[in-house]
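Enquirer: Please model the entire structure based on the sequences and the hints provided.
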Amino acid sequence: MFDRRLISNFDWPLFAICLIISILGIINLYSAGSFSLRHSTTPYYLKQLYWLLIGLGLLAVTVSIDYQLMARHAHLIHGLSVLLLFLALFWGRPAAGTHRWLQLGGFSFQPSELSKITLVLLLSRYFSDLTISKSYGLRDFSYPIFVTIVTFVLIFLEPDLGTAALLVLVFISFVFFLHFGLRYIVVFLVSGAALLPIAWLFLEEYQKRRVFAFLSPGKYSLQAGYQAIQSKIAVGSGGVLGKGFLCGTQSQLRFLPEQHTDFVFSVLAEEWGFVGSLLVVLLFFLAISKGLRFASQSRDRLGSLIAAGLVLVIFWQVLINVGMVTGLFPIVGIPLPLLSYGGSSLVTTWAIIGILLNIRMRKFMF
Amino acid sequence: MRSEFDSLYDKQLQAKLRVAYFVVVFIFSLLCLRLWYLQVVGGTHYRKLSENNRVRTQKIKAPRGLILDVKGQTLAGNRPSFDICLVPQDASHPEVVLERLAGLLDADSSRLKKKVLRSKDRPPFEPIRLITDAPRDAVGLVLTHRLDLPGVVVETVPVRHYPHDTLACHLLGRLGEIGSQELGRPDFSHYEMGAFIGKNGVEQTMELLLKGTDGGYQSEVDAAGYKINIMGRVDPVPAHSIVLTIIADLQKEAEGALGGRPGAVVAMDPRNGRVLAMASCPAFNPNLFSRGISPRDWDALINNPDHPLMNRCIQSTHPPGSTYKLITAVAALEEGVVTPDTSFSCSGSFKCGNRVFRCWKKTGHGNVNLTKGLVESCDVYFYNLGSLLGPDLLAKYSRSFGFGTPTGIILSNDRPGFIPTSGWYRKKHGIPWQPGESLSIAIGQGSNQVTPLQLLLAYAAIANGGILYSPLCVDKIISAEGKTVRQFSPTIKGGVPLSQKNLELLRECFWGVVNSPLGTGQLARLARVDVAGKTGTAQVVALKGGGMSRPKHRFSDHSWFAAFAPKEGARIAVVVLVEHGGHGGSTAAPIARRVLSKFFDLEGGGRV
Chain A
0 MFDRRLISNF DWPLFAICLI ISILGIINLY SAGSFSLRHS TTPYYLKQLY
50 WLLIGLGLLA VTVSIDYQLM ARHAHLIHGL SVLLLFLALF WGRPAAGTHR
100 WLQLGGFSFQ PSELSKITLV LLLSRYFSDL TISKSYGLRD FSYPIFVTIV
150 TFVLIFLEPD LGTAALLVLV FISFVFFLHF GLRYIVVFLV SGAALLPIAW
200 LFLEEYQKRR VFAFLSPGKY SLQAGYQAIQ SKIAVGSGGV LGKGFLCGTQ
250 SQLRFLPEQH TDFVFSVLAE EWGFVGSLLV VLLFFLAISK GLRFASQSRD
300 RLGSLIAAGL VLVIFWQVLI NVGMVTGLFP IVGIPLPLLS YGGSSLVTTW
350 AIIGILLNIR MRKFMF
Chain B
0 MRSEFDSLYD KQLQAKLRVA YFVVVFIFSL LCLRLWYLQV VGGTHYRKLS
50 ENNRVRTQKI KAPRGLILDV KGQTLAGNRP SFDICLVPQD ASHPEVVLER
100 LAGLLDADSS RLKKKVLRSK DRPPFEPIRL ITDAPRDAVG LVLTHRLDLP
150 GVVVETVPVR HYPHDTLACH LLGRLGEIGS QELGRPDFSH YEMGAFIGKN
200 GVEQTMELLL KGTDGGYQSE VDAAGYKINI MGRVDPVPAH SIVLTIIADL
250 QKEAEGALGG RPGAVVAMDP RNGRVLAMAS CPAFNPNLFS RGISPRDWDA
300 LINNPDHPLM NRCIQSTHPP GSTYKLITAV AALEEGVVTP DTSFSCSGSF
350 KCGNRVFRCW KKTGHGNVNL TKGLVESCDV YFYNLGSLLG PDLLAKYSRS
400 FGFGTPTGII LSNDRPGFIP TSGWYRKKHG IPWQPGESLS IAIGQGSNQV
450 TPLQLLLAYA AIANGGILYS PLCVDKIISA EGKTVRQFSP TIKGGVPLSQ
500 KNLELLRECF WGVVNSPLGT GQLARLARVD VAGKTGTAQV VALKGGGMSR
550 PKHRFSDHSW FAAFAPKEGA RIAVVVLVEH GGHGGSTAAP IARRVLSKFF
600 DLEGGGRV
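Top to bottom, those sequences are chains A and B.
Reminder that position 80 of the first sequence reads as 79 in numbering that gives the first Met the number 0, one-by-one numbering, no gaps.
Reminder that position 587 of the second sequence reads as 586 in numbering that gives the first Met the number 0, one-by-one numbering, no gaps.
The hints are simulated quantities; they were obtained by calculation from the structure and are not laboratory data.
Fair warning: this is a prediction, and the values are worked out from it, not measured in the lab.
For glycine and all other residues, C-beta sits at the position ideal for the given N, C-alpha and C.
So these bits of chain A aren't anywhere near chain B, every CB distance computed over 12 angstroms: (1) F14; (2) L18; (3) L23; (4) T61; (5) I64; (6) R71; (7) L79; (8) W90; (9) G161; (10) V185.
Pair ranges (Cβ atoms, derived): (11) S28(B) - L75(A): 35 to 45 angstroms; (12) A14(B) - F363(A): 21 to 31 angstroms; (13) S91(B) - I26(A): 25 to 35 angstroms; (14) G56(A) - T155(B): 51 to 61 angstroms; (15) K58(B) - I53(A): 36 to 46 angstroms; (16) V274(A) - E125(B): 27 to 37 angstroms; (17) L240(A) - E125(B): 26 to 36 angstroms; (18) L182(B) - V274(A): 42 to 52 angstroms; (19) I26(A) - E176(B): 40 to 50 angstroms; (20) H44(B) - I26(A): 21 to 31 angstroms.
Expert: Written out as structure tokens, the structure is:
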């Protein structure tokens, strides 16, 4: 199974880039999580390190199993994901009113993270199987749309608006890569836009407030606007060179809520300045371009679609999180891959990297 | 099968991937541009904002909803309180500032310093309350000298205020700091530690409606902490207000009539169960609790042997005395044990087994029928009924009049009281029911326990033709603008098993209690309205041993009086309990008279 050729095609640069980002993340968490030392026993950066090791372990697994094998059971695997989401909703360990986590032994993880991968696998499998006669008809979309909606609803009910919206974004942008007549794309966009007001009705009060706060942070300040304003101050005040490691006044004085999860980038930007934030953004860019390259070099359509889809998952998360932190988007709970504290996110992202490497490794195999 | 379309698609896919690459390049450039804009271009500006965190978020507390009487008079409202606080973030030399402040206000600087020390672990931009409810002069001094007191700010906070002090204090309730158990409840998820919530009465039951939504604002402040610029503001949302069913003027009269003696007066409209007054004495001043009661005041209240915090109308239970004869009469009539004309002979005593039970009139009443038995409250007549009926029948009728179950009023601590049965007796004493007990029960002594409100419901049922209502103390809920949000309507608990004929007879008897020359309740008579009622005197069981140390009046019996007026189509029913008041007719009846008189005054003056 472990062909010589495989290892030679292991893309070390991508691996290195992601590893560097993860390590920067841990160093950053040392600063961002320092306030919590009074409350929890194990500091955040240490926990993140453990999760990183687990993620690397999972990487080894996802790299070794041929992606074609994974895709063969894509429907089953996603079905498992959906089941886990169900369990999380009803039997999960509630945390602050949300039902996002499942407990297994001593670990708790978020099934919604897993569903990002399994949905992409399912969609890629489905669309690569479809033999193309002409353009796809709308009928061909009924099954994928159905699956996506079911997954969306389960995550939305947790409630996790951010991840649910992310899935929809990934789905819609994924459609771009399919063989699609232009008119269908227009139909899609129009119907998506039509769904927005309906979705609005289902938003919770605090979520609506967040949107208002984004549109005019001055007017609706307080919890929602406060985070946005504080984040911008933190990022901006980093200046060119940053305030220095452990010297971020906003984070050290705990003015920034959620600074170890959704707002880690603010801490990094404040302490390392433009130089630091630009570096991290560039690293992400490199990783994403690599992923796209793998997609185009893949030996079959399945691999291309999987790679493209997974790249989309990473891309949207980076875009939304950095955008949110810099005040371009309303505040939604999307973590920054590899940098935000969180075992599920870190491990899932490394699994994604693993599958990407997987596809790349097997580009010459027939 | 690779078709022509397939290879076409694959080529297109490659092209699409390339497009995607360029889109990614474009978007990431935008991100970098944004970072440039914030960090390089805006670096100095944001640096300034971040230093000393120049952006502050301040909460604006929402005023608590009002509680009004039925005419709209404010019984519980809000008043502003000025607190002098210190924001550590802005006070570079807190010790110096505190000394200066103490000197200015003639206060103890060490106390102030201690308060600051205690709040060390809180975020530095959170104000520490140094002096709460500061008088106007102190506030003026602080504001005039603000330049010398960097870090000291004056905060205006709305505080719960009861303009009539003790009026209706038990019905209104009081506030207290939220406890950990309450914080854990899901409907209290919006509450923070240190919040003041209703602890009893209407303040407690309607807590979620009375709490508004806090607002806040974000401001840019200067190095000393004073606002330069308000960046955004969210106004607090005022809460709903509660309109009660009670009439403030009637309530005042009821409390005045009790005159400081431990007891209760509760009045209602028998046609719908609306509570018109609910007075319990002794009372307390809920204003003491609004910002946290002092330990000294709390001890005084708790250690007071007359328990001022207890709402006697619903919490204190006593044997109903002769007012219970209503139940005995109903049971006897409906069970056919007697007719209105059946008479027994009262010689002043009644022998049962080897015990002699006395009538309150030692010389006896002679031949007594039902009317005479009720009007003159002959005990022997009812001893006869009691021995014929037995405890379980009496219990059945008691329960149908609402005794032994909570009344259904929305306040907490609504006690159900107690009605004895033969089964209970056997379990408790190990021997079967003693026939002598039936006699005590029949005249409302012994193990019967009722609250004043329960008794009121029973008599109201006679007044209104047989309907047992659940007492209603909230009329409606209105929005801050005055629009009715929810109107409460009467709730029927049940119907009493009483034929129309017997009901009318009983009404006549109760009229006779007050108006006929030998009636026991003549002190409740009113000239302009037909009052009907019943007196009651509940025996107080003396304590074994040690009882001698009680003041003399604490050996007196409890005084009851229940009444309704006018006799037909009654619009008010009232129950008065005066603890250790002696005979019902002498102490409780005059109080009922005052309350009824006031009610009809208000009615006549169009103020009801």
